[in-house]
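A.B. asks: Sequence:
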Amino acid sequence: MEVKKSKDKKEWLEAAEKSKTTGMKFTSLSGKELDIAYTPEDVSQNDYQTKLGYPGEYPFTRGIHNNMYRGKLWTMRQFAGFGTPEDTNQRFKYLLEHGQTGLSTAFDMPTLMGYDADAPVSEGEVGICGVSISSLQDMEILFEGIPLDKVSTSMTINSPAAMVFAFYLAVGEKQGVPFSKLRGTLQNDILKEYIAQKEFIYPPKESMRIITDMIEYCTNEVPQFNPVSVSGYHIREAGSTAAQELAFTLADGFAYVEACMERGMDVDAFAPRISHFFNAHLDFFEEIAKFRAARRIYARRMKDKYGAKNPKSWILRFHTQTAGCSLTAQQPENNIVRTAIEALAGVLGGTQSLHTNSMDETLALPSDKAVKIALRTQQIIAYEHGVINVADPLGGSYYVEKLTDDIEAEAEKYFDMIDAQGGVVACIENGFFQKEIANAAYRYQRELDNKEKIVVGVNDFIEENEKIDIPILRISKDVEEMQVKRLKELKQSRNQEEVKNALAELNKASQDGRNLMPVILDCARKYVTLGEMIEEMKEVFGVYQETAVF
33 MEVKKSKDKK EWLEAAEKSK TTGMKFTSLS GKELDIAYTP EDVSQNDYQT
83 KLGYPGEYPF TRGIHNNMYR GKLWTMRQFA GFGTPEDTNQ RFKYLLEHGQ
133 TGLSTAFDMP TLMGYDADAP VSEGEVGICG VSISSLQDME ILFEGIPLDK
183 VSTSMTINSP AAMVFAFYLA VGEKQGVPFS KLRGTLQNDI LKEYIAQKEF
233 IYPPKESMRI ITDMIEYCTN EVPQFNPVSV SGYHIREAGS TAAQELAFTL
283 ADGFAYVEAC MERGMDVDAF APRISHFFNA HLDFFEEIAK FRAARRIYAR
333 RMKDKYGAKN PKSWILRFHT QTAGCSLTAQ QPENNIVRTA IEALAGVLGG
383 TQSLHTNSMD ETLALPSDKA VKIALRTQQI IAYEHGVINV ADPLGGSYYV
433 EKLTDDIEAE AEKYFDMIDA QGGVVACIEN GFFQKEIANA AYRYQRELDN
483 KEKIVVGVND FIEENEKIDI PILRISKDVE EMQVKRLKEL KQSRNQEEVK
533 NALAELNKAS QDGRNLMPVI LDCARKYVTL GEMIEEMKEV FGVYQETAVF
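In this text, residue positions in the sequence shown follow this note's numbering: the first is 33, and each later residue adds one.
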């Protein structure tokens with residue numbers, strides 16, 4: 033009997049569309065309509081020599097290393113921080129003992145907003161969502177017994193990043209570790225704060241000056257430290273699509289590149305130390321395609337638009353975190369499965385560093401057990417499933433290549449829209465980013481409300497009268513009392529004349545335009561507090577107030 037084959041994809045689709053269907057809505061998480069299957073016709077426009085090629089070769093669609101994880105596994109970097117510096121120091125040591133290979137520091141809300149633990153506005157928030165850090169003394173305790181030349185440390189801090197980094201540098205000095213041996217990453221991405229997370233202090237122009245100072249300082253003095261991690265994670269958590277996350281993140285990163293070049297810096301001197309931070313969300317293949325498109329776009333822009341000659345400047349290195357907003361308070365054990373699949377997307381997408389969320393994070397800060405399960409998830413992916421055996425194992429998949437092309441094309445359209453409005457800062461001030469994200473979030477919520485998208489345990493497969501039976505980490509009120517007491521004692525014991533002079537010099541430097549990092553570091557060494565430095569700079573730079581745009 034002759035086997036009938038379709039002449040082309042159109043004929044095949046017509047037959048396939050007449051077949052039985054479940055009636056579900058088959059779109060990507062970002063709302064893109066999807067074909068039933070993908071064929072060579074869908075990727076026939078690909079120039080495989082320039083778009084696909086080999087892993088480790090420009091434009092790095094297939095990964096930044098030719099042997100990927102055969103040569104080095106990604107860094108397993110679990111986010112940690114709560115309570116007092118002593119509490120988090122113990123958690124750091126716990127994670128290192130269980131196989132974590134890098135530290136990632138979460139700070140509490142007062143620290144993130146530039147307030148000391150004893151500020152009236154800090155009451156009730158000290159140590160609640162991260163570790164409380166008000167001074168060099170707190171940072172010394174945080175890293176007690178942890179040699180800074182042996183670990184890589186990531187710090188999720190933005191507006192007060194310069195002060196917290198100065199505390200870290202001063203701890204390194206006290207440990208006898210040269211700045212040249214300190215390794216790690218500062219998030220320090222203020223542009224995404226205006227776009228999505230809203231933890232800003234100063235106006236955009238002044239904030240860009242501070243970050244440019246930090247990039248310049250690290251390039252010259254702390255060469256192994258990444259001074260900025262351009263972050264799409266929070267853009268995605270705010271409700272963006274995958275393409276919006278990619279486009280807005282890279283646009284922010286290119287804005288930092290342009291600011292440094294305007295300062296007179298050689299792009300090849302600083303670009304190899306700019307890193308990125310992406311979300312690994314629920315849509316497995318869309319996320320993999322997003323990471324592949326990101327590398328391709330970044331390589332071409334750095335080479336062709338900014339004239340980078342060092343191949344290391346073309347390489348987009350990134351950290352990935354599984355999607356916090358995908359976790360549910362309902363049936364929280366299900367979050368282990370969600371996180372595992374999201375983490376796998378990050379690995380197959382070629383990440384250099386990975387954080388896996390804990391199952392209980394919608395309820396409280398993670399417990400020790402939940403953190404260990406999250407870390408073990410990464411280790412199981414790395415050692416048990418064979419996914420590291422081949423570089424870019426999904427490369428060449430018609431579906432993955434088509435998604436990669438589509439996301440790249442959509443991101444390029446966003447770059448054109450951003451440029452047409454005057455750039456990233458202009459789009460922040462006119463609300464363009466915020467509107468785009470809000471519209472995407474609204475569309476997705478409508479899909480959930482209409483059950484066009486299913487979240488297990490939330491809008492389907494619901495368990496009535498569910499009882500949550502997992503341990504919850506609770507922060508004692510003693511934490512705030514302890515931190516306020518410590519800070520009071522510090523302020524009484526330090527040299528007040530030195531503090532006064534250091535703050536006066538910081539005020540002067542803020543006005544005269546010199547690089548602020550050496551002055552902030554001098555303040556840190558003299559135990560000037562985070563809040564004192566922030567307030568001094570507010571006098572010069574002012575405080576940003578977002579204008580309503582809806």
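Mixed in with the good hints there might be a few duds.
Computed spacing ranges between beta-carbons, pair by pair [said to hold, decoys possible]:
| # | residue 1 | residue 2 | range |
| --- | --- | --- | --- |
| 1 | LYS52 | GLN122 | 19 to 29 angstroms |
| 2 | ASP510 | ILE412 | 53 to 63 angstroms |
| 3 | PRO550 | GLU498 | 23 to 33 angstroms |
| 4 | ILE486 | GLU537 | 50 to 60 angstroms |
| 5 | MET449 | TYR126 | 41 to 51 angstroms |
| 6 | GLU513 | GLN256 | 35 to 45 angstroms |
| 7 | GLU129 | PRO72 | 20 to 30 angstroms |
| 8 | MET293 | ASP544 | 15 to 25 angstroms |
| 9 | ASP67 | MET293 | 34 to 44 angstroms |
| 10 | LYS52 | GLU498 | 27 to 37 angstroms |
Straight-line distance between alpha carbons at most 30 angstroms, and here's what the computed DSBU-like set of lysine-lysine pairs gives [as the list claims (entries may be wrong)]:
| # | residue 1 | residue 2 |
| --- | --- | --- |
| 11 | LYS445 | LYS237 |
| 12 | LYS485 | LYS64 |
| 13 | LYS42 | LYS64 |
| 14 | LYS50 | LYS64 |
Everything labelled a hint here was simulated from the structure, so no lab data went into it. Quick caveat: nothing in here was measured; it's all calculated off a predicted structure. Where is the CB? At the ideal position from N, CA and C, for every residue including glycine.
A.B. asks: Hint compliance check: list the failing hint numbers for this structure, sorted ascending.
C.D. replies: The structure breaks hints 1, 2, 3, 7; every other hint is satisfied.
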